[in-house]
Amino acid sequence: MSSSTAASSTGATNEERTFWSQRLLQSGDVRGTVEAFLKSPEYAGKNKNDREAITDLYQAFFNRTRRGGDPELGAADRPR
284 MSSSTAASST GATNEERTFW SQRLLQSGDV RGTVEAFLKS PEYAGKNKND
334 REAITDLYQA FFNRTRRGGD PELGAADRPR
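Numbering follows the working numbering, with no gaps: position 12 of the sequence shown is 295.
By construction, these hints were calculated from the structure, which means they are not laboratory data. One should not assume that every hint holds.
As the list claims (entries may be wrong) - In silico SDA-like links for lysine to any residue, alpha-carbon gap of 20 Å or less:
no.: 1; residue 1: 329; residue 2: 299
no.: 2; residue 1: 322; residue 2: 334
no.: 3; residue 1: 329; residue 2: 340
Please model the complete structure; the sequences and the hints are all you need to start from.
The structure is reproduced here in structure tokens:
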């Protein structure tokens, strides 16, 4: 299974979205799921830095890029 296509420019397949969604729903472990995603052989092979990984996660989870200037958490995305 291609685990990091969700963060690629070509987009994820339905099978990939289902895999990661089910993993998260079954485990309830957001942190563990994100770590597994980032440590998957396919994603790790991309040699992304932290900023790029955060950008990829926003794209994968929210289907958009970060908003705001904060590299860790976009201003519009901060809890209120």
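Here's how the hints hold up against the structure:
Under the criterion of a C-alpha separation no larger than 20 Å, the hint pairing residue 329 with residue 299 is consistent with the structure, at around 18 Å. Taking the CA atoms of residue 322 and residue 334, the gap is about 15 Å. The hint holds against a cut of 20 Å. Annotation: proposed proximity of residue 329 to residue 340 holds, straight-line Cα distance about 14 Å (limit 20 Å).
The structure agrees with every numbered hint stated previously.
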